[in-house]
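Peer 1: In the order they appear, the protein sequences are chains A and B. The letter at position 196 of the first sequence is residue 196 when you use UniProt numbering, and the numbering goes up by one with no holes. The letter at position 20 of the second sequence is residue 20 when you use UniProt numbering, and the numbering goes up by one with no holes.
What the hints contain is simulated information worked out from the structure, not anything from laboratory work. Note that beta-carbon positions come from the ideal geometry of N, C-alpha and C, so glycine has one too. Wrong hints could be hidden among the right ones.
Which residues of chain B face chain A? A partial, calculated answer using Cβ under 7 angstroms [what the hints assert, rightly or not]:
{"#": "1", "residue": "28"}
{"#": "2", "residue": "29"}
{"#": "3", "residue": "36"}
{"#": "4", "residue": "75"}
{"#": "5", "residue": "234"}
{"#": "6", "residue": "271"}
{"#": "7", "residue": "378"}
Distance condition first, Cα-Cα at most 27 angstroms in a straight line; then the derived DSS-like pairs of lysine-lysine [said to hold, decoys possible]:
{"#": "8", "chain 1": "B", "residue 1": "307", "chain 2": "A", "residue 2": "280"}
{"#": "9", "chain 1": "A", "residue 1": "280", "chain 2": "B", "residue 2": "270"}
{"#": "10", "chain 1": "B", "residue 1": "457", "chain 2": "B", "residue 2": "431"}
{"#": "11", "chain 1": "A", "residue 1": "150", "chain 2": "B", "residue 2": "49"}
{"#": "12", "chain 1": "A", "residue 1": "118", "chain 2": "B", "residue 2": "129"}
{"#": "13", "chain 1": "B", "residue 1": "534", "chain 2": "B", "residue 2": "483"}
To be clear about the criterion: a stretch of chain B counts as covered by chain A if any three or more of its residues have a C-beta under 8 angstroms from a C-beta of chain A, and this derived list gives those stretches [unchecked claim]:
{"#": "14", "segment": "225-233"}
{"#": "15", "segment": "447-453"}
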Amino acid sequence: MWSLCWTYSLNLSSVPGDGEGQSRWCLSQVKGAIDDDVAEADIISAVEFSHSGELLATGDRGGRIVIFQQEQESKNLPQGRAEYNVYSTFQSHEPEFDYLKSLEIEEKINKIRWLPQKNAAHFLLSTNDKTVKLWKISERDKRPEGYNLKEEDGRYRHPSSLTTLRVPVFQPMDLMVEASPRRVYANAHTYHINSISVNSDNETYLSADDLRINLWHLDFTDRSFNIVDIKPANMEELTEVITASEFHPLQCNTFVYGSSKGSVRLCDMRASALCDQHSKLFEEPEDPSTRSFFSEIISSISDVKFSHSGRYMMTRDYLTLKIWDLHMESRPVETYQVHGYLRSKLCSLYENDCIFDKFECCWRGDDSEVMTGSYNNFFRMFDRDAQRDVTLEASWENGSPGCSLKTWRVCAGSRRKRSEIGVDCLDFSRKILYTSWHPQDSIVALATVNNLYIFQEKPN
Amino acid sequence: SCSCTVVSKQPLASKMAGADSDDSLYPIAVLIDELRNEDVQLRLNSIKKLSTIALALGVERTRTELLPFLTDTIYDEDEVLLALAEQLGNFTMLVGGPEYVHCLLPPLESLATVEETVVRDKAVESLRKISHEHSPVDLEVHFEPLVKRLASGDWFTSRTSACGLFSVCYPRVSSTVKAEIRQHFRTLCSDDTPMVRRAAASKLGEFAKVLELEYVKSDIISLFTALASDEQDSVRLLAVEAGVSIATLLPQEDLEALVMPTLRQAAEDKSWRVRYMVADKFSDLQKAVGPEITKNDLVPAFQNLLKDCEAEVRAAAANKVKEFCENLPEDSRETIIMTHILPCVKELVSDTNQHVKSALASVIMGLSTILGKDNTIEHLLPLFLAQLKDECPEVRLNIISNLDCVNEVIGIRQLSQSLLPAIVELAEDAKWRVRLAIIEYMPLLAGQLGVEFFDEKLNSLCMAWLVDHVYAIREAATCNLMKLVEKFGAEWAQNTIVPKVLGMANDPNYLHRMTTLFCINALSEVCGQEITTKHMLPVVFKMSNDQVANVRFNVAKSLQKIGPVLDSNCLQTEVKPVLEKLASDQDMDVKYFAQEAISVLSLA
Chain A
1 MWSLCWTYSL NLSSVPGDGE GQSRWCLSQV KGAIDDDVAE ADIISAVEFS HSGELLATGD
61 RGGRIVIFQQ EQESKNLPQG RAEYNVYSTF QSHEPEFDYL KSLEIEEKIN KIRWLPQKNA
121 AHFLLSTNDK TVKLWKISER DKRPEGYNLK EEDGRYRHPS SLTTLRVPVF QPMDLMVEAS
181 PRRVYANAHT YHINSISVNS DNETYLSADD LRINLWHLDF TDRSFNIVDI KPANMEELTE
241 VITASEFHPL QCNTFVYGSS KGSVRLCDMR ASALCDQHSK LFEEPEDPST RSFFSEIISS
301 ISDVKFSHSG RYMMTRDYLT LKIWDLHMES RPVETYQVHG YLRSKLCSLY ENDCIFDKFE
361 CCWRGDDSEV MTGSYNNFFR MFDRDAQRDV TLEASWENGS PGCSLKTWRV CAGSRRKRSE
421 IGVDCLDFSR KILYTSWHPQ DSIVALATVN NLYIFQEKPN
Chain B
1 SCSCTVVSKQ PLASKMAGAD SDDSLYPIAV LIDELRNEDV QLRLNSIKKL STIALALGVE
61 RTRTELLPFL TDTIYDEDEV LLALAEQLGN FTMLVGGPEY VHCLLPPLES LATVEETVVR
121 DKAVESLRKI SHEHSPVDLE VHFEPLVKRL ASGDWFTSRT SACGLFSVCY PRVSSTVKAE
181 IRQHFRTLCS DDTPMVRRAA ASKLGEFAKV LELEYVKSDI ISLFTALASD EQDSVRLLAV
241 EAGVSIATLL PQEDLEALVM PTLRQAAEDK SWRVRYMVAD KFSDLQKAVG PEITKNDLVP
301 AFQNLLKDCE AEVRAAAANK VKEFCENLPE DSRETIIMTH ILPCVKELVS DTNQHVKSAL
361 ASVIMGLSTI LGKDNTIEHL LPLFLAQLKD ECPEVRLNII SNLDCVNEVI GIRQLSQSLL
421 PAIVELAEDA KWRVRLAIIE YMPLLAGQLG VEFFDEKLNS LCMAWLVDHV YAIREAATCN
481 LMKLVEKFGA EWAQNTIVPK VLGMANDPNY LHRMTTLFCI NALSEVCGQE ITTKHMLPVV
541 FKMSNDQVAN VRFNVAKSLQ KIGPVLDSNC LQTEVKPVLE KLASDQDMDV KYFAQEAISV
601 LSLA
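Extracted from the complex, chain B is given alone in its bound form (with noise of 0.2 angstroms):
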């Protein structure tokens, strides 16, 4: 760690001249030979223990030896700038305190204006914490000439990072360097590139935080609208999210002149991307706006979104459907729900682009809580049954996996019917990254749809994965067992699934007996001791014979695995001499496990 709580008011390096030599100045040395290494990765070690550096040097002679260094180290490679970046935002004890912790922000300048954005930023991120250190006085000496120097460079690399600086002096700064500082970020707002613009648009909803409320009406509006209208869809619908931040400062009466006109036209951009923004932004704009704004004017802009022409604009609208229905007035939700947002939801479950119907399924059973029952039954019931049946899996998919929601409000057995063709079918599907999803969601399946149902229908889908010809599938299938047993129980298990399981020791496919192998490890620790001693571990000795070797060494796994819940004596009499035996296999691999298990197991 860089932040550093020892203070040495000593310098180790004084303390250390007057021995001829000192073998506690080795490594330090070493350290700062190798800040200029040809090797990158030595050179970015050396700037990641910089507080050792200057440390040992002391406050000192890391100001007038280290950091005039360091102010120079622009040229490096884009992780070392981003290291040093970083340790110098916690630097300030190292130079000697708040005192001078100016002397950190000429290799933070420097750092500033590099091409790199991530440095750039970093740099930033590190001046913004700094600057809390700085005394009123020194901001105003050091810091803010600092920030004008950036905003006024020729190049837009230290423009853009003056945008970040702004929030941060002017607080703590006098009134005339105010006046000067909204005058520098009004420039910005306007500059040639779009670069600069963009990142003026960026920072403006953190600026406005800071600025007196009259000088947000004076200023950022009129900035916040030019931005917004900007030539460039790029910087417009950066505007969108300053205006977000905007409406929370203004009192609810100026909203409507102030904020509004600029979101509606955004809203109806000609650019999809700044019309995708908005539906992004949908629900931050909401909360910022209140309810009478959102009633009169969300509702209708919401409708559009979702009518969208762009599939891009609508799948971001339809992700924002649940929550934009939760956060509506109470008073008038329902009624706005069923007469003007559900028309649309309609629409989109028959949406020609596959991205909205999933964005859609994400969030569609989120509304049963919302509506209750009855309207659940009679209006989304169906919207869920025909989504089950979408051609694309992700839909059926993304509906599955929020069943949870339905279950709380109507029960899932209104969907059963429809669900397991569904089940069924993406359990067969092709390709096996849709299987393996279906997998994940089996146990909370099994557990909303009980056991009766699961014994009858969706079982043997489960035991259908485990001879699965993807090795990912028969994995997954593997860990769905035991997370089924912990639900249903041991006992369930013995009468259930276990005799498949060890029925499959008897295949002919070396595969499929390993698999047992795997259920075995899997499912011992969750069906305790009895049932592992009883029925599992003949089996395992069974295996022991097994012609094929790595079916012998999974053996020798296994039986370390499912070691910790046999008693000792059963681990003695029974496990050691057939741990022993497989040690003397004449195949290498069965020899290692089964000496793994050995030592581990402490049977030697």
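Here chain A stands alone, though its shape is the one from the complex (with noise of 0.2 angstroms):
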């Protein structure tokens, strides 16, 4: 796909201020092919910055990964610009079968984790429904050159005219980026992948799937640790399903995970070897005024992130994202209404399968904002302490070149405003359900179906 990239860059040379209906963040590059008809492997499934922010890597419905990374200089300069640009682009995973159940597998790319930089080269963890593989990105920028029995171009040298031993002497050359698959975790889980999470013991991760939980040492494919197991001895008595897991940032013991009920559970490694009781559950009591058929679906959690601190822990539902003090079980300390006008909708959502969408979120580098996704290609970023939010759109068609993002007000009934658009004009096929947030910049990336954008915030 990236073959056809077509990159979308801005120049940002006058920038007007912050004016009404004007947000601060303004378009930076949009990636992929520009194009209605979109084919299914080119979907974009993943998307996440690596943890000192210089690389960015997406995967897709095709078992692609591509990476991209930020240009030098405009790291450098404080006012300058997020450039990224293609670095290594490589298959992850294949398409496969299992001749035991007659089930396939598919390709598609369910999340992409990085891991702490050990080297010159950078690692991440892929993985689609059943396998999770380690990848190596490195660079060469030298061969090595000179036979004794052929030339360089591969012509055979005859024997005869060997007098002396010529030892290879490497020469530097063009810079190659290659990306060598390391490890792969295959055969521990039963059902779908939906998370992995690298400890901060650097050593282990961990991978779910809807029943179970499992501990991996990155040097060791051979073996993993059950640590949380909810099958049911009789799986007609099960009620919940893990949709997301998450290692806490900082304690090497503690990881959460999400369920299908809308509750999160904290568990320490520290207390027994499985984990089956938790130590903390997260779970709000729902209110009995609001309570209908959709209740359980829109209250499944579709993500869980820890914050960069450690205090805090987010989670996003169909509605709502909720931020929790991990000191405070009963109650999120802050919730945000992502698209509350959809609570009129859900049954034409559940009819086209809208409210099964898992919709990501994600933290700003000091914690201070977070971000998450909506429909008609809308994303929406909550300022914790203004208690400010916004709504912006991902085009490449509205957004004149370099100019501030208009934020976007979706209100019931007819068009009113121009920065204004009614519930039932929304485009629910356009959606954005990936995001990431750089590490330390004001840089966000984020995936509608099959491109890529990155927008950055104008520095005040």
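Put the two chains together into one complex, using the hints given.
Peer 2: Structure below.
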């Protein structure tokens, strides 16, 4: 897909102020083909910045991973543009067939997680439904030259011409980026893997499927330890599945998992080897007045993320974004409506399956803001201190180059102002599920169907 | 082998340079070219013959051309890098001896920073090896700076590698450099990344061993205390082992103040993994701290570990029960066991977790030798009997496999009434691996229970296994018969098992008929010529007319196998005609094996 890559870069020369209906964010780049006819394999299914923010990885339904690298000069200038260019592209997963169960295993990349950098190379974990892989992305700028028995172009030299031995010498060459598979962690999941998360001890990671969570050592592919198992003895008694899981960013013994019933359990691996008993349960009591057929579906946790500080945890369900203080289990400290106006539309969203969409969410590097996606290529940002929120649109058509993104308002009924749109006009096929925030800078990346958008906040 | 004993003063290459072309260069040229072949196997092969290449190049070209090339070869596959790291550890003579050994440092330094743990570890191992070949001056001029570079590297891979190198430099450098080394080690113990702190914690014990006692007390103890209270339990658990090493270095009077508070804290750590580590290292710990501290501190700590809330910890502690009891000071051993340990052991017999019970079952029998006959009968026997009736087959198997310990103390008869049902049940277990395991203990049991008991109670079991529906069981049963005959003798075989085995030759199931042949293969040698010729051979001959080809070719194979037991007359007059007939069989396989037997027995 990236061979047809179309990069839409903007010039940030004249930037208007932060006026009415304008945000401080502006489009920096769009990657991917601008084409209405999207191939299934090109649909993006994961977006993730590396720990330094220098690299940005996307995965797609075709099992490919594309890594973008931030341009060196743009990184060093505080006012500079966040420009990312393709660094490496490789096929991470291939479609497979499980002959024992007669099941097709899709190649779709479900999650990508970077490892903290350990040497000049970069490492990431990628997973499809069944198999996690560890990839090494490394640079090579030298190659050996000089043979004894042939020319550099491969023509053979007659052995009789051999009078002295020649040792090859490394010579500089054009920079080459290689992605090589280092480990394949297979055969440990009966159900579909929904999350992977690297532990702060830098040597283990977890992988979670619908009913179980396994703990792996990065160096060993032949064994993993089951740390959570919620499979009931009788599958007919199954009422809840695991939907997302993550390790605490600082405490190596703590991890959480969210469930389809809207609860999040925090487990302490110090307490016992099998963490079936949680140490904390974060759950908000249901409001009986809003109870409906859809209550359970919309309360399902689609993503859970710890804040960088490790003090808070954010959960995303279908309509809201909640922030929990790890010290308070009874209710979230902050609740943000992502698209509350959809509450009256649940029936049709159920019919077109949108209600099962799994939106991700992410924290700003300093934890002061959070972001998540919505429909109509809208995405939402919530400023926690100012209690301010914006709705922005990922679009290459509407934003003129370098201009601030305009903020949208969605209102019931017919359209009124230029910056307003009626609920009925929203396009539910255009959705932003995957988002990632640069760990340090004011740069965000998000995926619409097959395009990667990079936005940047203008400095004060 | 890569360690090179032949050191050519005059390099091979220069000897050959005079000639226009030399055939002996060719194989070396191939090896060098294959260092960069696309096929990993060929590269690996070349790296494994690196000493041959170096020898051909001579010491000077090895230093100036080969080593620089190898230094840049870090992009290669792990297995190639691993082989390279190993080779370089034995390369000293090939670069010109100890005087030039420092030339090996650059390639090993780059290998010590790769991400693959096994490669780094091997590079560190080779660096440690060649450090001994450095003169004291070279060590300070070349080796120690490398250690410093690694210790202050940007990436944690290089810093973890540095942790393993301090202890080899330290004893051989000046006191100024020693102070620097101690400072570097201290810095790494409080590194930002847990990987480095873990590497430092795992090398703390070995580093302590080379330090002067005053620095052990002033430096190591504080590092140990810090690592043992690290926020990451993966670091804390490694400090436990370091604690054991440090305890062996300190005089008894310092242990209590310097090490015990930290170890006590580790035994009660919030994280089960740390407590597991304490349980796992308990015997070493016990030896390191000596009898007094054992009595006062370790006994209650061990009791707590045996009662731990986490099954993994209880299992690790249960594994150590025998060793711990054995190593208790003799004067108070029996009292401590009877009043403190045995009550905990009794509880573990009915533990909820089967791994705990089976860990205990694998060592509990060993207590009988320590406690003697009376205590065993009164206190341990009920526990053995309870475990023999455990629902988990592994527990029962572990008890049965250790029967020899009890046999020495009280004789196995005490147990036989309970033993028999347990054996019968395992012998008929639905899982074939359990059946296989009990078969393997049969010869041992037979020896201890005696031939009478065996004939009466167990013989029928052994025969039943011969017709098990799983091949692995039938095979093991065959082997078992052979071992029984070795124990009880040929006469016993002739009276009890040979008739039954031969009777199976008429079984309607061809698999059982083949079992007869397999048994004959196994038994002929232990039964001897007379029984083989008189009783077994006629049956084998008869089976050469079997309607199933698989049986017939196994007849050929059996004849080949038992041929050496027979006398030559019998071979010529009886075996040869049968094999010849089989050699003209219509079945290909029968022909093949008959011909093979004829040629092996030299009957052609």
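Peer 1: Of the hints stated earlier, which fail here?
Peer 2: Failing hints, ascending: 7 and 15.
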